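Novice: The chain contents come next:
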Amino acid sequence: MLGWIQHRWTGLFLLFLGLASLVLFLYGFFPLKYHSGKLSNIDDLPNFIDGVSIDGHQVYSSSESSVVLMVIDGLRYDFVTEEYMPYAGQLLKNKTACIYVSVAEPPTVTMPRIKSPERKKEKAQWRRTINFWRDIFAMMTGSVSTFADVALNFGAPAVQGDSVLRVAKARGRKTVMYGDDTWLRLFPGLWTEYDGTTSFFVTDYTEVDNNVTRHLDAVLTPDEKKKPTFDFLVLHYLGLDHIGHLEGARSAKIKPKLLEMDEVVKKIYTAMQEWDRSAVLIVCGDHGMRDAGGHGGASSSEVLVPLWVARAQDFSCPHPVGPGPTVAQVDLAPTIAWLLGAAPPGDSTGRILPSLLPSDVREHLYLLHVTAQHNTKQGLSTDAEYYHQFKRAEKQFSHFLVTGQQSAAKIAKEFYEESLEKMSEYLNVTTTSFDMFAIGVAIVMLYLIATSLLCVTLYSLQPDRARKTSTITRQHNTVSFQGSLVALFVVVLICSIILVTACFITETKSQVCSFTPEWIIQFAAIPFAMALTYFIIQKGVEKIKDLSTLNDLNTIDYLLIGGTIFHSFSFFGTSFIEEEHMTWYFFWNTLMFFVLVRTLVIVIMYLSKKMTGATEVQDKPELAQRMTAVGVGIVPKWVLLIALHRYLRTMNQTGDRWLFLPDTADWLNAPENAFYLQAHLVIGTIGTLLVCIRNLRYMNNVLHIHTILTLAAGFCILSYRISTKTLDVPLEDIQTWDPVQIVNVFWAVLILQFIFEVLSYIGAFRTCGLKPLEDITPATNKFVYNVPKAKTEDHFYDPVMDEPWNVEEVKLNFVRSSSHLMLNNMMLIVTLLMRPHNVIMVPSIFITCKLTSKCMDHKLLDSRSGKRTEVVDILSRTLVHMWIGILFFFYQGNSNSLASVDLGSGYVGLREYCPARVALRMGLHAYAGPALAGAALFCTIAAQAESWKEYLQQTWRATNILALHRVYALVVYCIIATVFRHHLFVWTVFSPKLLYDFVATVFSLQALGTIAQIEALAHITNKLARIFTNRSKL
Amino acid sequence: MFSLTNHLELRRITISSLITCIYLPSIVTVVSYKGLLYSVGNASSFYILVLIFIAELLKSFYLNSNNDIQAKKKQSKNKAGDIIRSFVFLLCVKFCFFVGIILFGAPVLDCHEETLMLSTLLTLLTVFPLIVHTGVETSMQLLFGLKNYGKDTIIEMLVNNALLTICGAWLGAVVIPLDWNTPWQVWPIPCYLGAIGGFLLSNVLTVLKVTLMSAAQKYPALNVLVHVLNRFQTSK
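The listed protein sequences derive, respectively, from chains A and B.
Residue numbers for the first sequence follow the working numbering, beginning at 1417 and rising by one.
Residue numbers for the second sequence follow the working numbering, beginning at 3 and rising by one.
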């Protein structure tokens, strides 16, 4: 346990723990509730109450009527008074209408802040759809939606499960919708008649409403039998909300608008009274608004929404005048379904509005029974008190049905209401509340892990000698094995006691503290992880003594470190999450500017010295030395790089605010510019191929087999493009090829390359034993002996005296070649997956990485000579590669919104949907930038390492830094998400970013794991080769 | 680090900085009072640049007046040629600024007028005073760090001004993408105002420093503040 801090993969393991904590956090943050998607049927209505038969169908649909649902966006509770809406207020006074207080869940709907031109409408609309989702979802399906509903449905925002509209359609009801077209997109194909309006122009508050009202006269006119022409009419008025956004709730325009709404209410209500059919009018808002305008907080003016109900014939409100009882938004769904004579939607958890319940006792009780029974099916436990209450109520009901005793009916009613109350309370708590205990534990864990990773990283950044002395001292006071076990046990015990105490003190209802069998393992793992971090931190504090290497940091390093640290905290502003790319662009620009100035100064200094006389250069040979490595050409190259980045930045507009601006990708994708698009594609692909072939020099390129395979892969990519018609080449033959087959061949080529590499190393190794060549398989022996490269041959023919098999050299070579092979293959795959206009990113990443590591070399930039700079080098290099990765992540058009995920890339070379493969492709495509930059980093480390030991050490440092950054970003972001959990944008901004962070963590874990695998593979090939050689010797 | 040895120079620096602290804010105030602050990037606001040009020129005449005998000699030798050369050099610098600003993110295809105005302003505030003070060659050498300005307090002040101006313009760009929906979040207003602000800040700091330094002679406790200011300026 004392060696933990020294182990090379502790960082990786800690990152894994971080991922586990993040999962715990996500568990607490996104309440897991699945919508079963079960569809209900009118025939499911119970026909027996506790064994007593009743004609459910007849009783249930006895009060069928037409329903008008009028949703006024932004209608808050105090607007429905006689002052603002005289007619509606009058009806309330007469008790011919009823009002309820309905509580909207805090993250309510919002309007987009930009007007979006037609071109980018879809993307912007998608974001809006999520905003509307929650309220409409609650009203129409009767269940509170969770973020999982949105996340799992992304790309196709239609409601999958059961809804009022579905059951209405199943019963053949006629549904009509006038208003915001979000309704149409949420329930496609379920409307009989509709006219959707888009509401992108916030400044428009008359037209949007006139578009709705203009249909009213026609639709309200009954047919010749005085029956209304529809069963369910939805009107959605947006004007009020628009005014609220523009001028606030105290605006002078509010009152005329509310009067206009009042007129509409009056019109509908008077029309309804003429119909020869019972009809119900429901007016409600979906959220309120602040006095200052806008909405989103949890203040009462935003959350409290009126729900106004009136029935046209013989209706009198049973509640006293004044603010009505509180109901939930989800209550609308079963109510409307019942009024339409359809079964309550499958997932609905609400109850029927009390004022609408029929006065007939039998029907009344039956409805209560139906809703209560429906609710019990929503995954409630059967041994809770409310269930027993329900059972008792059922008994009383059957008793009433048999005997007709009014007292039994009264008791049954009470029991039913009590149990319904409890049930909806329970369902609300389980679906909407955050599991704060889990969140808290996860944040504490993440914090501990981040601290221990900081210790590990700082420890690894110490120069060798400091570490060595510390290892020596360690050996002196080594505690015995048993001793450390006891220490571990004690710390684990203390941690678990703290955790259990915390459980009981907070009296949490969290599952984490439930001590059920499925949770006990996770619960026990937490103290262990805590103990581990405790020991690492303790050791780290003890052993970190010599951080003198960090004194060599220059301005650019400080910029890198400061920028990385600051960036995580910038997320406290929502627009910094939505526009995260802007932060990175700004940082990157600043970095490029600094590097430009530094290199420019050095180059000009060098040139002027050289011009004024050679003696001066000789006087200062170190300047000349510094320059020879890069050459004067570095400055123009750097300027070109800046220009390249300027161009790539315009390629894809991303984020939210400027999303609608035209970008280069749009221009390229226009049909008339197809030539330029194809030029981009070809240049990108060829560039990638060139880079790949350049990288081959690090590999065992015997007989140019690797070259041939790489070219074959490149050919596959091009022919894939041709066969999918993105590349217009007059090659009839290729155009008819099957893309899926081509991609399969492509995979085969890549796998072949890998196998070949490993095999050649196994075979190569046994030739080191100075054996004759005859008894070796012909394929492998050629590879080793006919290598045209002197470098590899040297290693094999030049055995060191005491280590005849120069194991370490070969291992280093193997690591070099396999890192480059990994980079090559990844580049090729990404080239295949990328959109045509983005292909050019792939070689750009490589060029950027190369040039940046050259320019940011401390030996070049810092004048102090004779110092070993590898520690600061690896620090700045790792950070800058990370920056480049993130940068290209955004260049490519990604953002922190789920709308920017490119679904198309998931299906490259696939014939049918296969979740794992699609997810992998989509992941690699989205994270192509970070992945390629990371691979380039490890390639550079391998290529520049002088010895196997140095490679291991540098890898160790890089791994630690990457893991530290990842966990640091996680802990800061988790805290931010927790602080803002009631924020308006928690769904549209904070939660998607959390998902992105989760995916990023998974991928960095996987990437660092790959590096570990490469190292392991080096050892394995070594072992295998040893076995082979021994046998051949025998 | 300023030295207190040359009192005449120090006084000149203080006075010229004070003049800047007065004339720049008054220009900005007048412009904003007239409601033209948000049109600061258009060519119609060229008069601001002319004003700054004249002010800087007068300032540097004041700074140069019968101080540097060598410079005077040079000036008398070939004045017309010098002026033409500095003019060409200034144009080059302006073009470099223009290209650089576009490379670092200004719109490529449009808003050239605005970018030009910004690059002119930057040239005026950074390189122009240096050139008028020392001439083309020396200022080039100073810019690329070939020559150390040593104990020349005036040049040190000018270089500080230039650095803070660039910093201000750079930091001004931060606010453009934020979602405050204000009318001034438009290219190049924040950068333009940021550059002026940076220049102003640098001048205020200079005045502050000189004042503190002379006060510190009486009250040694103030040396801490001087030290802090020095650190701040050298840390760039």
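Incorrect hints may appear among the rest.
Claimed, not checked - Below, in silico cross-link-like pairs of lysine-lysine (BS3-like), each with a Cα-Cα straight-line distance of 30 Å or less:
1) B:Lys36 x A:Lys2025
2) A:Lys2026 x B:Lys96
3) B:Lys81 x A:Lys2053
4) A:Lys1509 x A:Lys1669
Stated by the list, open to error - Covered stretches of chain A (in silico footprint by chain B; criterion: 3 or more residues with CB under 8 Å from a CB of chain B, positions within the stretch not fixed):
5) 2014-2026
6) 2057-2067
7) 2285-2296
Since the hints were made in silico from the structure, they are not lab data.
Model, not experiment: these values are computed from the prediction.
Ideal Cβ placement from N, Cα and C applies to all residues, glycine included.
Novice: So, for every hint listed, does it hold in this structure?
Specialist: Going down the list of hints, with the structure as the test:
Restraint check: the Cα-Cα separation between Lys36 (chain B) and Lys2025 (chain A) comes to about 53 Å, which exceeds 30 Å; the hinted pair is violated. Pair hint Lys2026 (chain A) plus Lys96 (chain B) holds up; C-alpha atoms about 28 Å apart against a cutoff of 30 Å. As the CA atoms of Lys81 (chain B) and Lys2053 (chain A) are separated by approximately 38 Å, the hinted pair breaks the 30 Å bound. Between the alpha carbons of Lys1509 (chain A) and Lys1669 (chain A) the distance comes to roughly 26 Å, so the proposed pair stays at or under 30 Å and holds.
For the region 2014-2026 of chain A, the stated coverage by chain B holds: 5 residues have a C-beta nearer than 8 Å to a C-beta of that chain, and at least 3 were required. With 5 residues bearing a CB less than 8 Å from a CB of chain B, the region 2057-2067 of chain A meets the requirement of three and the coverage assertion stands. With 0 residues having a Cβ less than 8 Å from any Cβ of chain B, the region 2285-2296 of chain A misses the three-residue criterion, and the hint is violated.
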